[in-house]
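Protein sequence lines correspond, in order, to chains S and C. First residue of the first sequence: 1, per the working numbering; consecutive thereafter. First residue of the second sequence: 1, per the working numbering; consecutive thereafter.
Where hints are given, some of them may not hold.
[What the hints assert, rightly or not] Across the chosen pairs, the derived CB separations fall in these ranges: (1) S:E49 to C:A16: 45 to 51 Å; (2) S:A263 to C:E67: 33 to 39 Å; (3) S:V174 to C:V10: 33 to 39 Å; (4) S:E49 to C:E59: 30 to 36 Å; (5) C:V42 to S:E267: 25 to 31 Å; (6) S:Q83 to C:E67: 53 to 59 Å.
What the hints contain is simulated information worked out from the structure, not anything from laboratory work. All residues carry an ideal CB built from backbone N, CA and C; glycine is no exception.
These are the residues of each chain, in order.
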Amino acid sequence: MRFVDEYRDAGTARALSARIAELCEPGRAYAFMEVCGGHTHTIYKHGLEDHLPPAVSLVHGPGCPVCVIPMGRVDDAMHIARQDDVIMTSFGDMMRVPGSHGSFFDANAEGTDIRMVYSPLDSLKIARANPDRQVVFMAIGFETTTPSTALTVRRAAAEGLTNFSIFCNHITIVPALRAILDSPDVRIDGFVGPGHVSTVIGCRPYDFIPRDYGRPLVVSGFEPLDILQSIHKLLRQLRDRRCEVENQYTRVVAAEGNPVALAVIDEVLEPRPDFEWRGLGRIPWSAMRVRERYAAFDAERIFAPPGARVEDPKACQCGEVLTGVIKPWECKVFGTGCTPETPIGACMVSPEGACAAYYNFGRARHRATEPAKEMSRA
Amino acid sequence: MCLGIPGRIVATVDVAGLLMGTVDFDGLTREVCLAYLPDARVGEYVIVHVGFAISMVDEAEAHRTLEMLRSMGTSLEAEL
Ligand code: SF4
Chain S
1 MRFVDEYRDA GTARALSARI AELCEPGRAY AFMEVCGGHT HTIYKHGLED
51 HLPPAVSLVH GPGCPVCVIP MGRVDDAMHI ARQDDVIMTS FGDMMRVPGS
101 HGSFFDANAE GTDIRMVYSP LDSLKIARAN PDRQVVFMAI GFETTTPSTA
151 LTVRRAAAEG LTNFSIFCNH ITIVPALRAI LDSPDVRIDG FVGPGHVSTV
201 IGCRPYDFIP RDYGRPLVVS GFEPLDILQS IHKLLRQLRD RRCEVENQYT
251 RVVAAEGNPV ALAVIDEVLE PRPDFEWRGL GRIPWSAMRV RERYAAFDAE
301 RIFAPPGARV EDPKACQCGE VLTGVIKPWE CKVFGTGCTP ETPIGACMVS
351 PEGACAAYYN FGRARHRATE PAKEMSRA
Chain C
1 MCLGIPGRIV ATVDVAGLLM GTVDFDGLTR EVCLAYLPDA RVGEYVIVHV
51 GFAISMVDEA EAHRTLEMLR SMGTSLEAEL
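Chain S with its partners taken away, still in its complex shape (with noise of 0.2 Å):
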């Protein structure tokens, strides 16, 4: 495929992790946190990790919004769409993230009314075709998504639909990262930056990492090559004493972003207060939520769900998997309790989630490095 397999060439990637191989001091450790699920995936799927010099450690950040989104908000939607005459569309990566009381999957077994749709525009036409019924689309995800969320939201509206809202879930990454931040026991050295996400929102809004904080970023592509060429970067400012936001994903990332979908993201949601983050806590002003003039589509005001607070289970420890405090297989139940089949925490759902994506592809390669634990955990 074009502008995928010329940057996955694997005597190129040789010859970088040399020259990132060259560029760590001795006696100096870095860590870097990939803040996005897609660059996790990637570095899974192709073992990136055997291209880094031992020095050199990847932190999983919390840039997977399946894997962030609380109980809490997967019980209010299965409280609307237990509603009379409610049909709930869903992306196929929510389907499986388990509630207080099972996922959309198992709700669906009870028979609730929850499809699958491929693209938010795809609920405007179950919308259509129910006209007795009222459609809501389960909004979630990061900068990438909301804009596909806002479109189909005003076109909605622009077409007099009255049987179609949305239960908002959209989050943003910057308050994320700044939380991640301030908490006490980080040590990142610098970050691999959201490459989709800033297609949207730009280079411009990381401004405050090297400023405030002190550290590097650098927006990267996703396929091997892009990542091990952000991490050359990132090791090539800390050398030079250098501290700045860095684009290695040109190709796609514009600095501005793109101005028409920040403009209908805008017009038709605003940021939320307050909003719980699994792992994370809560976290002012890191979700979207809808305005006003769109309340008629705004599936929180039509059907009030209880907004109840719950707790992840006990066994779950997704929290210091998203903030990097522990590896997926230190999870006491990955693998065991916990499997892509029968997830107990959502980093084991989504494609994009650390778990997950150490379960699927990382297995085999740390069984070779690590036997004895590995052994043990059968």
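Since chain S is already given, all that's left is putting chain C with the ligand on it; use the hints.
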């Protein structure tokens, strides 16, 4: 849902004021909303998330990045 992929626009169409298009992902085509890339043209590559194209792929920049990556490889070979 977050794994956006590049595809090539093969057709564009206005659906009641909404710019839509057919995008080819290595032989697999999908209907994609192009409203966020009003200047997108047939033949150009776009990054698609959940049925919406959110960014163009800039061919000149793609080439520049590749050249840079390859030069890192060749300078190493020169040393060896
Ligand atoms: S293994 Fe499961 S419970 Fe443990 S951190 Fe990962 S997703 Fe959460």
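Verification of the hints:
1. With their beta carbons about 49 Å apart, S:E49 and C:A16 fall inside the hinted range of 45 to 51 Å.
2. For S:A263 and C:E67, the hinted distance range of 33 to 39 Å is satisfied, since their beta carbons lie about 35 Å from each other.
3. Our hint of 33 to 39 Å for S:V174 and C:V10 holds, since their Cβ atoms are close to 36 Å apart.
4. Roughly 31 Å separates the CB atoms of S:E49 and C:E59, a value that falls within the hinted 30 to 36 Å.
5. Roughly 29 Å separates the CB atoms of C:V42 and S:E267, a value that falls within the hinted 25 to 31 Å.
6. Separation of S:Q83 from C:E67 is about 57 Å and conforms to the stated range, judged on CB atoms against 53 to 59 Å.
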